[in-house]
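K.L.:
Sequence:
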Amino acid sequence: MTGRWEFWIDRGGTFTDVVGRRPDGRLVTRKLLSHDPGRYDDAAVAGIRLLLGLRDGEPVPADRVAAVRMGTTVATNALLERRGEPTVLLVTEGFRDALRIAYQNRPRLFDRHIVLPEPVHERVIEVPERTDAEGRTVRLLELDSVRERLRAAHADGLRSAAVVLLHGYRHPAHEQAVAEAAREAGFTQVSTSHEVSPLIRLVPRGDTTVVDAYLSPVLRRYVDEVAARLEGIRLLFMQSNGGLREAAAFRGKDAVLSGPAGGVVGMARTSRQAGHDRVIGFDMGGTSTDVSHYAGEFERELGTQVAGVRMRAPMMSIHTVAAGGGSLLHFDGRRYRVGPDSAGADPGPACYRKGGPLTVTDANVMLGRIQPAHFPAVFGPDGDRPLDADVVRDRFAELADEIGRATGQRPTEADAAAGFLEIAVLNMANAVKKISVQRGHDITRYALTGFGGAGGQHVCAVADALSIDTVLIPPLAGVLSAYGIGLADATAMREQSVEAELDETVRERVEQLRAELADRTRDDLRADGVPDSAIGTRARILLRYAGTDAALAVEPGSVAAMTEEFGAAHRTRFGFTMDQPIVVETVSVEATGTTGEHRASPLGPGPREGPLRPRATVTLYAEGRERQAPLHRREDL
2 MTGRWEFWID RGGTFTDVVG RRPDGRLVTR KLLSHDPGRY DDAAVAGIRL LLGLRDGEPV
62 PADRVAAVRM GTTVATNALL ERRGEPTVLL VTEGFRDALR IAYQNRPRLF DRHIVLPEPV
122 HERVIEVPER TDAEGRTVRL LELDSVRERL RAAHADGLRS AAVVLLHGYR HPAHEQAVAE
182 AAREAGFTQV STSHEVSPLI RLVPRGDTTV VDAYLSPVLR RYVDEVAARL EGIRLLFMQS
242 NGGLREAAAF RGKDAVLSGP AGGVVGMART SRQAGHDRVI GFDMGGTSTD VSHYAGEFER
302 ELGTQVAGVR MRAPMMSIHT VAAGGGSLLH FDGRRYRVGP DSAGADPGPA CYRKGGPLTV
362 TDANVMLGRI QPAHFPAVFG PDGDRPLDAD VVRDRFAELA DEIGRATGQR PTEADAAAGF
422 LEIAVLNMAN AVKKISVQRG HDITRYALTG FGGAGGQHVC AVADALSIDT VLIPPLAGVL
482 SAYGIGLADA TAMREQSVEA ELDETVRERV EQLRAELADR TRDDLRADGV PDSAIGTRAR
542 ILLRYAGTDA ALAVEPGSVA AMTEEFGAAH RTRFGFTMDQ PIVVETVSVE ATGTTGEHRA
602 SPLGPGPREG PLRPRATVTL YAEGRERQAP LHRREDL
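FYI, in this note's numbering the residues of the sequence shown are 2 to 638.
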């Protein structure tokens, strides 16, 4: 132990979870609304002050805090709400619309009128230059006209630039020259594709670079604000790939799954401690539900899509569905609907005493699954009132009347609430199937680990819908994403395209590239202050059949060993193998630096002794009628 506090924080869309490790190693937790303008400016810093016993606005003393580790949805929300930094895209002449056209996929196959998401960049500057696929210069770079248009864009208020030139990952000299011209013109954020995503394929490389330029300034402002309030304290942020980086190295492209990635780490660590090595993670928060698959190692994807924006960067394989505790309940005159819109933290659900709409949380209050008498009194305008069950009953009575007028058959208030919950459960069960059954996994052999603020309320119903027999609820389920951030390692990842048919010559080239990337990732962690003795590296080779784009990761080895492993992985995922040459697409290297012990610290009085006695007997509604049920606290079990 350091003799000082550590804080592990997950700043979500609705709640901010704070786990504090005291100097004696014991853990204490707090959950705050992420947005409560009348009480505090920043929930993360407010939580730290609360646990340290400091007054509002009082400086956090650096001599009492060893480190703060955070996951944040700031970048995700900026992308969803299109509140990033206005960005100019600099692209090879003739390709100004390449990112807009993309792959011409139809988001909804049978829609006659296709409405594509708006691009995140505001302006395009075409760059007179051309490099071929081998990295040879076909047309010399003409910088004078580019400089003139950069000055015009800067005069119009743009300060962020994304430089994406054809084959720039093979020949970065032109991108470097354009980037320097952008900085000379006054651009404060310049992202280049050969640094952000040095991989083949213009569209995903370009999309990722634009996202980085669009989000990094927003992220930097938030990081700087937090750092200013935590002056002199080591500050690390959770990346989408499940690893930590120092605040100065945290980039927009690595922040989209910052919070949920902590949940996957926490789920994996606690499930293994409980003896389960095949687990489905079920993280239900206030705005959405994140599901993940774990079978002995973290699953990562090289690309994802958020809010219609594609990006290619290593990140945890997480599938999100818009069904959380704050998801709104609608009746559209014919059917019940849940989400995708959310009440958020302010005003929040109706029971929060701020005039909010009916939500999934209110349905749980209506059915007795949330007991206001056993819930913290932190609601209302002053944050000191219990949940309001009376307004929930009144609002469900109004909704039941509306349903009765539309259908001619009025349900009871409890039946209406149960119907909405059934729809939410089916939405979440379908999300689990996407990351398990549809990828060839037999989930009946898995445990379902429920966590997040609302996970415990629904995990058993989801398990029933999926025929999963084992449900695990960890001791810190309500704040497991924050806890997982505390257990995560410092991580740096780098990738490089190869795009050559697998043979002995290419294997030697792969080995050389692996060594180079390993050195560079080690350097990244050294720059973050991780000692050499704590750093380890692991390489993965992405292979695919020639003529396909479904790359799968294998361990580096002999040509025969990689071929065999790839065939087995392809058969598991897709059900078949092909008589086609195998192409080495990418070499990826991950460096990890151990930042703490991967074990749970003690929470509460320790193992229970003597018979288990309920805290109370409460009434809840289940399977069509009211029932009496014993109420236990998790720490008593």
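Think of the hints as simulated: they come from the structure by calculation, not from any bench. Don't take each hint at face value.
Stated by the list, open to error - Pairwise CB distance ranges (calculated):
#, residue 1, residue 2, range
1, Arg628, Gly58, 47 to 55 Å
2, Ala630, Pro382, 26 to 34 Å
3, Glu135, Pro60, 51 to 59 Å
4, Gly441, Val139, 54 to 62 Å
5, Glu502, Glu302, 18 to 26 Å
6, Glu119, Glu502, 38 to 46 Å
7, Arg56, Asp342, 49 to 57 Å
Keep in mind the model is a prediction, meaning the values are calculated, not measured. In this text, a Cβ means the ideal position worked out from N, Cα and C, and glycines have one as well.
K.L.:
What are the numbers of the hints that this structure violates, sorted from low to high?
P.N.:
When the structure is compared with the hints, numbers 4 and 7 turn out to be violated.
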